[in-house]
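2 protein chains.
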Amino acid sequence: MHKFLERSEKYYFHYPFPVTIVGAIHDGRSNFMAAAWHMQLSFDPPLYAVSISPKRYTNEIIRESGAFSLNFLQFDDYKLAGLVGRTSGRQCYKEEVFDIKYDAGVKLNVPVLKSAICCYECKVVDRRAYGDHVLYVGEILGIHYDSDYYKDGISPDMLLYAGNDMYTHAEGALAIFGKTEVEDFLKSKKDTK
Amino acid sequence: MHKFLERSEKYYFHYPFPVTIVGAIHDGRSNFMAAAWHMQLSFDPPLYAVSISPKRYTNEIIRESGAFSLNFLQFDDYKLAGLVGRTSGRQCYKEEVFDIKYDAGVKLNVPVLKSAICCYECKVVDRRAYGDHVLYVGEILGIHYDSDYYKDGISPDMLLYAGNDMYTHAEGALAIFGKTEVEDFLKSKKDTK
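As they're listed, the protein sequences go chains X and W.
Numbering (the numbering used here) for the first sequence: 1 to 193.
Numbering (the numbering used here) for the second sequence: 194 to 386.
Hint data in this document are derived by calculation from the structure and do not stem from the laboratory.
All residues carry an ideal CB built from backbone N, CA and C; glycine is no exception.
Hints should not be assumed to be uniformly reliable.
[Unchecked claim] Pairs of lysine-lysine, PhoX-like flavour, derived with a Cα cap of 20 Å:
no.	chain 1	residue 1	chain 2	residue 2
1	W	K372	X	K55
2	W	K382	X	K107
3	W	K272	X	K179
4	X	K3	W	K307
5	X	K189	X	K179
6	W	K196	X	K151
7	W	K372	W	K383
8	X	K179	W	K307
9	X	K10	W	K344
10	W	K372	W	K382
11	W	K382	X	K79
12	X	K114	W	K372
13	X	K123	X	K107
14	X	K10	W	K372
15	W	K203	X	K151
16	X	K101	W	K382
[What the hints assert, rightly or not] Which chain X residues face chain W? A few, computed with CB under 10 Å, are given here:
no.	residue
17	K3
18	Y11
19	A49
20	G66
21	A104
22	E171
23	A175
Please put together the full structure from these sequences, using the hints given.
Right, dumping it as structure tokens:
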């Protein structure tokens, strides 16, 4: 690598990342935004984090509702990510303008997108400012998923955000390298000594 | 979506995620592990988080060193992710066994992998237990990247982890949907009213 930066106003070298549509409901009104800053934190209890700018309307909504949903999409639905990502719930009622269909959560008052391949219902258990964003930590109280979509638990074409308004997807499982392969490697190394 | 779980011991529905090789150096000795639980937290200051099991040797090392590197790879290097991910620095000296080549960081005493397409040098600014993992928050003090690799800032084949020891990659930029496309959508919707 021959380039080095001490500072970069924006940095996207770690993309692509899965897109998640963050949904929340407050006072009977839904709101949705797209996020690429999110991650799993823990298996037990199941915790998942998403980072949201304090300027976003979603930030206000989740502060009130104390709950949010994370909805993962197929590649074909990239327009939805762009539409909810590039507009604000302060200016338009996204559910109506973008004709967004959802079911009510089973465990929480959050929207479960009908077009999602997977949705985590999350109850806020921590909220913490880090730099210019706020990290929301949610305990996953319910998991919805489309068992026809996942092949052996692997997503064949999850919608990924590549940066700069570009979308892409992965092609499913291309290579396997687990415990057996690692043991074979270590054995072959030993044999050649 | 027709499946619902209240609890799942493990859950991978949000994969694939970029693989990052977490590197650290303590007492002149390097260590590396693979992680798929990581995310950007902030642009200004540039903050990035990675979640590590307290059982991992890397957890001990980073507690001592107060710094780590995050190294992103091309798909072709998936074996390295499997090798450092499925072994422990307590049992073997990975740098030697897996013949890992790196440069010293410019700003911090962290390893910058020679095979990486991008590396963030991170200084630990927060450390917080969430469930069964520890979240490390790093301030990025240096960014290394291969400008021949990224096309218009987009990664053409970043190594992604699909779960269950499976690896995949994205195909670069497949679709664009930004401000212009959103405005066109909103205009067309208005015109049809």
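What are the numbers of the hints the structure violates, in ascending order? Failing hints, ascending: 2, 8, 12, 20 and 21.
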